[in-house]
Structure formats: structure tokens, C-alpha cells
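Please arrange chain B on chain A, whose structure you already have, making use of the hints.
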Amino acid sequence: MISSDRHERRRMAMYGWMLLAPALIMLTTFAFLPTVSALWRSFFSRETSRNPSEFIGLENYTYLFQDPIFWQVATNNLIYAGVTIPVSIVIALSMALWANSKMQGRTFLRIAYFTPTMLPMIAAANLWLFFYTPDIGLIDSITGLFGAEPVNWLGQPETALWAIIVVTIWKEAGFYMIFYLAALQTIPPDLREAAIIEGASRWTYLRRIVLPLLMPTTLFVMINAMINSVKLIDHLFILTKGGPNNASKLLLYWIWETAFSYFDRPMAAALTVLVLAVLGLVAILQFRGLEGRIHYR
Amino acid sequence: MNRQLTGLLGASVLAAGLAAPAAAEDIELTMYYPIAVGGPLTEVVDGMIAGFEEENPDITVNAIYAGNYDDTRVRAISALESGEPAQLSVMFSIDVYELLEQDLIVPFDDLVETEEEKEWLDSFYPALMSNGTVDDKVWGVPFQRSTIVLYYNKDMFEEAGLDPEDPPETWDEMVEAGKALRGDDRWGVMVPSTGYPYWMFQAFAIQNGIELMNENGTEVYFDSPEAIEALAYWRDLSAEHDVMPGGTIEWGTLRQAFLEGQTGMMWHTTGNLTAVRNEADFDFGVAMLPANERQGSPTGGGNFYVFKDSTEEEQRASMELIKYMTAPERAAEWSIETGYVGISPAAYETEALQDYVDDFPQALVARDQLEVAVAELSTYETGRVREALNNAVQSVLTGSAEPEEALSQAQSKADRLLRAYR
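As you go down the protein sequences, you meet chains A and B in turn.
Using my numbering, the first residue of the first sequence is number 30, and each one after it goes up by one.
Using my numbering, the first residue of the second sequence is number -10, and each one after it goes up by one.
For the record, the hints were derived by calculation from the structure and aren't laboratory data.
Nothing here was measured: the structure is a model prediction, and the numbers come from that model.
There could be a bad hint or two in this list.
[Unchecked claim] With a Cα cut of at most 20 Å, we get these calculated EDC-like pairs of lysine to aspartate or glutamate: (1) B:K297 with B:D125; (2) B:K402 with A:E286; (3) A:K270 with B:D60; (4) B:K143 with B:D270; (5) B:K402 with A:E88; (6) B:K297 with A:E76; (7) B:K168 with B:E147; (8) B:K126 with B:E102; (9) B:K168 with A:D164; (10) A:K260 with B:D60; (11) B:K312 with B:D111; (12) B:K143 with B:D155; (13) B:K402 with A:D96.
Next comes chain A alone, as it looks inside the complex:
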């Protein structure tokens, strides 16, 4: 009796592992192993024909912390994340609420909102490059109608990062809108009817019923937006290349430069490890902090 029970349990465990295996193998090959190898590599010095690679412990990390460019790039990325995440979420939500209302031409509205998402980032960046061109670009042509002076949006440190941020929000908001739109359509209409009968204002209905019910989506969107605030750098290659004077340089772009332009792979590995650590930490905090406030149904 007991032995067959144990046998049964072992069989179930084996099933479990077999079901997990494909994901586990994929993750191990493409995520865990590279992470470990990046960590390992970051403890070595760079190999050149004159100096062979040697173990240097944490020296790459101390060098980074002493490098003012590292701090500038990290600050840039914080501003970038701090602005793009909330702004694109708020815009996405408002667009979704609007595109969800019963009105004429709403399919058209949805498509219009979603178009930027479908463009590849490189194409979008090339469009914006000409929007931003001083004098002859779209933006300056419009502000010029009101007598404004032309602005070199991408060419001055005060505006370059903001110009990049605007492109990101433009690109991302439509994408997040789709998730909100889907979530909005799962909210049962009787909730709204009940709220109206109870005499709740539209604002109360939004604040007390819609937003809480959208929380799982918000968490999902937030985590995605956070990951993208580190991951999405394609437009930098076209728009500013991180310039002028590092004013719009973001972490992943700098990692790319370090690895492929400076050929300093160990330093790039050290930077990667730092970014991974921060991302992991923030994801944990987000899950922890928001768990209590999310109502899964």
C-alpha cells in the first residue's frame, strides 16, 4: 500500500519535471547560463595581444563606480524610466478609456493609436529624426507658425534626452493601450449599472471599480515598461548616438558601445550584471508592493 503510494508520488514528480523540462532547458541555455558566464567574465581583465586576460576580482566594478560617465548614464536612465513609465501608462489608460467608449469611428481611433507600435523602432526613429531637424523639421515648422525660434532638439544637452523620451512614449503608449482595452472589455457591464443605480458618479466608478479591476493589467504593463526602459534603445542609434556629450546615453547603449566599439567585453559584462541585479530587485519590489492591492478574479 505504502510503496505503491510512494511509487505514485514519484511518478507524479517525474511528470512534473517532464512538463517543466522544455521551459527549463530553454531558460537555462538562453538565460541562466549567459547570466552566469557574464558574471564570471566580469571578474577578468580585457584580453589584448599584449596583455592576456587575468583574474582581477571586482576591479571592473570599482572602475565603473569611479567613472563619472557611468553615473551620468545611470542618471539618464533613471530619468528616462521615471518619465516614460508613468507617462506612457497614463496616456495608454486614457486612450483605452476613450477608445472603449461607444462612439463613431472608434475602430479608426484604435488603429490610429496602435500604428506607432507596429512600426519598427528604427523606422520610427528615422521619421522622428526629420521631425526634430531644426528649421525644416515638422516640429519647428509648426512652432515656426507661431513665431517660435527654431530649436535644435537633438543637438543640445538640455533637450536631447527629452526628445528621446518623447519618441519612446509615442511608441509605447499605443502598445500598452491594447492591454488596457482588452482588460476593460472583461469588466462586466452590470457593475456599471449597479454603480449608476447606487448613484455613484463617473469618477467614483472609475476610481473605485475600474482602476482596481485593472490593477493586474497595470502591474503587467508596469513591469513591461520598466524592462523596456532599459531594453528599448534602437532609436538612440539613429537619433543621437547618446550625444551630445553623453547627454542622452542610456545603459544598454553604453553596454553595446563598451562591448562592440571599445571591445571591452569584461567591462560590458560587469555593466550587464549590474543592470540585471537592479532589474531583478525592482521586479521583486514591484511584485511585493503591489500584491496586496491587486484583485485577481
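Frame of chain A, contents of chain B only:
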């Protein structure tokens, strides 16, 4: 497919006993190349490759367009690292130290065998050889090479009361002309400062009488008084004389700005010449860059490199391909299609190029400027050294630092990086 088929047929004919060379087997070459200027230039390269394969039926060439110079370097090096085949590549002429450091390339001195090949190696303009020559060996052979030239709008010159046949020849004259050209929505001159700011700065520095690095790539002179003065002049074009817009000027959109009449003059690579010619709806001139202490421009562009990790037959075949691609007729064709410099004096003696320049003498400026051109900035640790200078230039142009302070910082950064190589 077709190409491979003809290759195969050709090889079998050869193998059947017609004047067959030692290598009767098919050789397959993979070559990466970049394109950094406008126009449908991949077609031109494909055409050349097809011509080569016709002449050399036992060699198949996969020519892969890999984006700009940075992309091409990344593609080629990652291909080599992951064991994919790559026998040769066109890459930035200034990548040479990095390729040497990683021990990836072979010198052409070891590849040339016959007298004829030695002559071929000596047939290029000396100014175009200096970037590829390190420690007295030739590692890179010129292909798409450029200098910076001054493009100017002749219609605007006339309108502003300037002589359209007499472009500015000195720094002062350029400021004067700029002031005359300046209008409400029109600038006098634009010099691009994104993408390759170090390159443009090098031109100013050369004109002010200083070369920014030594021959072996182990020293730089960013903080010399001449260099500081050069950067101050560049900044003052906007800050003091108001003939150039403030902030940085985008490399990629500048040509469009010039074509739309936003500026009377621009500095740009001669690689853009044909594109400007095709698109300008006004009369434009091309001149050598203005001088201060002397005339001058850095060279720029891409060289052929042959990778170490290839068989001897493949290296021979690569040599054949490079000789074909750099022959006067191809150099002439390439120069006409793009505006890049014809890489050898012989290219300018071909009928095609002679006819072309008769009709379009602007195409000769870049060549004439080779007389006074010097090597493009390239050192060991070239990526970081260049970036230090780029940042210094951009911080001054955007008004966040003074030339002296910015360049001393770049200098000390470069000194730290280069210490290990002295």
C-alpha cells in the same frame, strides 16, 4: 543561384584541362562591406562582384552588406568569433589597431607575391595608405575613401554678392562669406558634429597646423594650443560670428538641410558628392576646405582587410578579388557612382572618369586635396580615445565646457588609455 551555377560550370571546364591553375576546386569567399553614404550602392557592389565572378569562374563571392562601419565591424568580428566563414571585409580604415590587437588580419606585404602585385600595392595615393600602414606593414588597402570638402550654393553666393567662382580659402574668409550669406532663415555654414565629430575636428586641427596623433597610434595631442584654438574657432562660428547654428549639427540630415537651402556652405564627406549632384536643384560648387596655418583634411572611409583565419587558397582568391575591386576601371566607376576619391592616379586616367570630370570638375576637388590630406584619427584603444575627443568637441559646441578644459580632460583620458602601448 545563377552565379553559383556559372561558377560551377566554369570550374568544370577548367578542371577538364584548359589552362587550369593549381586550384581546380571551387573557392567560396565571404566578404562584408559597409555603406555610409546615400544612394543605391549595394547594386554597384553586386555588379562589380558579378563581373569578378565572370572573370574568375572558380571563385564564388558572397558579398554581404552589413550596414554602417560600426555594424560591419561587429558583424565581421562576431562571424569570425562564432566560426562562420569570412575571409575578407571592407571596414573602417581606422579599425586597423583594433584588428591588430585582436590578431585578426594579415599584412598585405605577406600576400603580394609577384612584381606586378608589388607594383599594385604601390599604386595608390600615399595619403590613402597611411591609415592602413602600421609598423611599416600594410594591413589595409583603400577602397571607399574620402576627404572632407566644402560644398557651397553658388546661387546663394551670387545673391549675397559673393563671387560664386571664388569660394573662401581661409578661416577668416569663411567667416566673412558666412556673414554675407546669413539671412533670416538661412545660415552661412554648417559643419556636422554628430556621428563623427572627431573627424571634422581633426580637419580644423590640421588646418591650424597640428596633427592629432603620432604615426604609431600611441600618442595624441588633443590639448596642444593649436588644437584648443581650432576648437575655439569652430565654436565661435556659432557663438561669436553667428554664421552657424548652435548645438550639434546632425550628420545624417545635413545634406538635406543644404539641399533645402538652409545653409550656404557645408562641410561634408566627398562620399556624398553624387547624391548632392543628383538632388540639388541649384548650382553648387565644391572646394577644398579653407586654411588657417595650412590647408588640409583628414582622409576617411573604408579599407580592404584580409582575415588571418583562412586557408592559403582563400587568401590568394581574396587577393584576386581585392585587386579586381581596386583596379582603375572599378575605382573610376565607384568614384562616379558615389563621389568617393578614385583611389589611384591611374583611376583618373581612365576614359570613364576623364569624361566624367570634364563635365563635372567638382569631382576633382577631393583628389586634389589628397596632396594635403593626412591620416584619420586612429590609435590603440581607438574606440575609447575617439569617444573622449567626441565628448570634448560636443561639450564645447553645446556651450557646456571651454575648449581648454574639455580638451585637457580628453587628453588625460587618452593618456591613461594609451600608457600601456608606449
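For a quick check of understanding: which of the numbered hints are violated here, in increasing order? No numbers; nothing is violated.
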